[in-house]
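Assemble the complex: chain F is given as a structure, and chain B must be docked to it using the hints.
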Amino acid sequence: MIFLAAHVWDTTPFVPQSPSPSVRPVLQPPERRPRFRAAAVAIDSLWRPAAPLTSRPPAMAVLAAALLAWLSTGTRLARPQSDLELLEEQAIQAAAEHVAPAVVSIETVGGLERLGQVLLSSGPTTGLIVSPEGYIVSSAFGFASKPASILAILADGTRLPARLVATDHNRMLVLLKVETDQPLATVQPVPEEEMQVGQWAIALGRTYEGGQPNVSVGIVSATQRIWGKAVQTDAKVSPANYGGPLVDIRGRVLGVLVPLSPMHSGQMAGVEWYDSGIGFAVPLVQVLQVLPRLQQGQDLYPGVMGISLSTERLHSSPAVIAACVPNSPAYKAGLRPGDRIIEVDGRPIERQVQLLNEVHRRYAGDVLSLAVQRGEQRLEFQVELVREIPPYQRPFLGILPRREADGASSGVTVRYVYPDSPAAAADIQPADRLVLLEGKPLTNAEDLALRLSSFEVGSRLRLAVERGHEVRQLELVLAAEPENIPPELPPARDALPLPPERPARGPLPLKIPEFQQECLLYVPESYDPRFRYGLAVWLHGPGGFQEEALLARWQRACADHDLILVAPRALDPNQWGRADLEFIRKVLDEVRSRYSIDPLRVAAHGYQTGGAMAYVLAFNLRDLIRGVAAVDAPLPLPPPENDPLQRLTVLLTTARASTYARQIDAAISALRARKYSVTVLDQGDQARYLSDDEFSQLLRWLDSLDRI
Amino acid sequence: MVSAGLSLAVAVCLMAWLSASAAFAGSAPGSLAEVAAAVQPKVVKIFGAGGYRGLEHYQSGFLISPDGDVLTVWSYVLDTDSIQVVLHDGRALAARVVGVDPRLEVALLKIEAQGLDHFDLDAAERASVGARVLAFSNLYGVATGDEPASVQHGVVSAVTRLEARRGVFETPYRGPVYVLDAITNNPGAAGGALTDRRGRLLGMLGKELRNAQTNTWLNYAVPVDVLREVLPQLREGRVVQRDVPPAISPENALNPELLGLILVPDVLERTPPFIDVVLSDSPAARAGLLPDDLVLFVNDRLVQSCKALRAELERVDRLDIVRLTVIRGQQLIEVELAAGDPTP
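Chains F and B, in that order, give the protein sequences.
Numbered according to the numbering used here, the first sequence spans residues 1 to 708.
Numbered according to the numbering used here, the second sequence spans residues 709 to 1052.
Heads up, none of these hints are tricks.
Listed below are several chain B residues computed to face chain F (Cβ distance under 7 Å; list not exhaustive):
| no. | residue |
| --- | --- |
| 1 | V837 |
| 2 | R840 |
| 3 | A866 |
| 4 | T868 |
| 5 | T924 |
| 6 | R978 |
| 7 | L1010 |
| 8 | Q1012 |
Label pairs and their computed distance ranges (CB to CB):
| no. | chain 1 | residue 1 | chain 2 | residue 2 | range |
| --- | --- | --- | --- | --- | --- |
| 9 | F | E194 | B | P973 | 52 to 60 Å |
| 10 | B | R1036 | F | E194 | 39 to 47 Å |
| 11 | B | R994 | F | E179 | 25 to 33 Å |
Bear in mind the hints are in silico, worked out from the structure with no lab data behind them.
Beta carbons: idealized from backbone N, C-alpha and C, even for Gly.
Same shape as in the complex, but just chain F (with noise of 0.2 Å):
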């Protein structure tokens, strides 16, 4: 996002440089430090384990069980606390040494200086062999560079030279490849039900030189984690061992140490973390799941299947499909809108986090088993999860409806029929009344938005229409959104006579509490709270605004167009901030509690910094924002992907000599590769803000923001 600082690392490092508060007591060792065979051995034969051990174990098994069942009984008085002390730290090297064979170090050459902002770190990094025949797995975080050649350095010293088989996307590791006649060192992976939160972390990494991995000692702090993807840990984890393993008390591996972070994904995620408490490493036995899909070269991405969920309450509501692209995974396996998802591959989902836990921790290419309740009925469905799923281009039918009082209505009445659209050619008429869609009844035109966000341009669509008495039963190929203006437009609503109690209008001071921003409110004086209005946001340019200039251009626009404006003003009026962000949204919900507002017909609309400023707001609050109208502005950020059920559409101007002019290209292409609808103002050579002309377009381009 614009707003947030870009992290810049070689300049912000995270430092933690918090004091160690954890002091544990240590007591006098015995004279002579027992080999650690010969320990284990003596506190066998001194407590036996409370628990029978089945087979033979080995010696570090033998330990750590007598060491718990020490701490549970109350021999801690009849003991010195030395013993324990000195047990658990040899228990931890014998740990780290039963692993270290398997932990290698990678040095890479060439590569990328720098990625973004953030500068890419050149030193060694950690690996762990996986299989005898020379398979290591590493974090991408030490790849981000694409280094020219990989070079692996075994616990012994052999240097080997390295290839990039395959890299995993979603937990963000890399598999490499040696060649090697010895069968190399593995180590044995924790199966994820016996991670228990407080037991013993050991990050091993080989970034120093000498013979012994660098260890740090923690313990599990949590498990499934990142949508149990990764397995949590205190101790430290930093570029000085990403890629290698957490150990546990026994010598197994727990999982493969990687930065990662529940906001964002990428090889430089959850760098800022490291060395602060908190820290990843995705679960050995998921690493070893997908071994040979990796094995295989195949690079291995996140997977999505195609809808939008309710975004509400992700840990109370049920997983109920709000929107299904038709050109997604989950569409084409018989996946509808209003389906409940109740069961992933037999296992019960009851809230949204479930749901999204069972998708983020597979990739594309994985086959789920859906059950989905319908109705009275539980439907089963198999669905692929893919990559990504192709932009979604809103469909067009090709009217306007006319506004009814208090939504009061069934059916949907044409206000308006474009010319060249399905609606025209299937020959609809204004006055004509929508009232079946697919032989279902339409109750208004936000319901048939919302149908029609389930079909894709060039479905065909069943509709019944009525004329006078008689119903016409239609069939037509949906269209793309239009993007030229219409040249007039017949009035929206009838005018009724104004009822005695209606809210306060005229230009009017918004002030939001703890904000110091104030902004301009104008509602116009036939406001009638009978109709939705629409919702004008005037993001005024570099220096502010005059409140009578504004008022003189909009007031009776607003009257015109049922519309209601907002001006609020900058902290900074040459600059739009992140304060401001938070400070318009604040006027919006105000706004929309106070007055009647038409949710189709929200726009953001701004000159230069204002017009950056549009789309930045139009991204960040998508569920209101419908219309971006930016005049002679850049655009600040990457657009998101185009969703059925935000619908969001953009008028921009362009001008041969503007400062913006190429950024102003660029921003039409990149709009226009996400499917969004683009109406584009020429105004010639010099940029400037609208005329009046153009300014009239501005007005019908908002009045048809409601169009179907």
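Coordinates of chain B only, in the frame set by chain F:
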């Protein structure tokens, strides 16, 4: 009622017993409390120059003789005529600098006092990776007067050498260190004592130091062995000078062209050092190097770019033999060659 009252009484007794046992464990022989109590009198708080522009005016140190020899890090804090050493009992004594080793960044101070608790450098210990350690220092200057130094707990993360990679660490010191799994890299901690679980001296906490290659902070201590080595010179009041290997003058320094190597054009910040052309009848050609070979090591030092390769060769006298390791396909090949090779 009766039974409830009884079980309550039992519970109270249990709690009393548990807390008594906890208290007992806390002061048991060899407990942390005891080890800390034994070490604290040997640790001192040092105050000197600084105190402005984000520079702290304090650091840590420890006693190494009964009559007031204090070992600490050499830093701007000592760059004043009024250095104060505060003992664990709150006595504040003026200290003078006896000797310094600017490369090791250690200094020996002297205070006028007798019969002080101290570490015996000759009896000092070594620790292995994974060993539990304690760090005693006045980090952040939180301790004043007779307040004891702060104790931190951790393990030895690595035993390594700072000189391993030139330019990686921004410090003049290149030598063995304990890398610590504890956040000791804090203002004021430098000069503090690193001990084992029994309170035996392992080393001196180093200055704040960042790993320039990973941009992470390094928590480390300089081992006692290294300190012991320079102590005699420090005692003699000399500024320890080390033999610096004479730099090779540019006219004697080696470069790729002298070996008959032409590298690919150096267009990137980190252009991989691929060989573009091997001049015929050159030392490189005779050693069997080929175009498209990628140079990985020069005398066992990793070179990650064309720049690094040139820099590494400049450290070699053109009359000396240089060992190059190249990667060809998926094969590592090692060759030895010298610019001055007489033509056969």
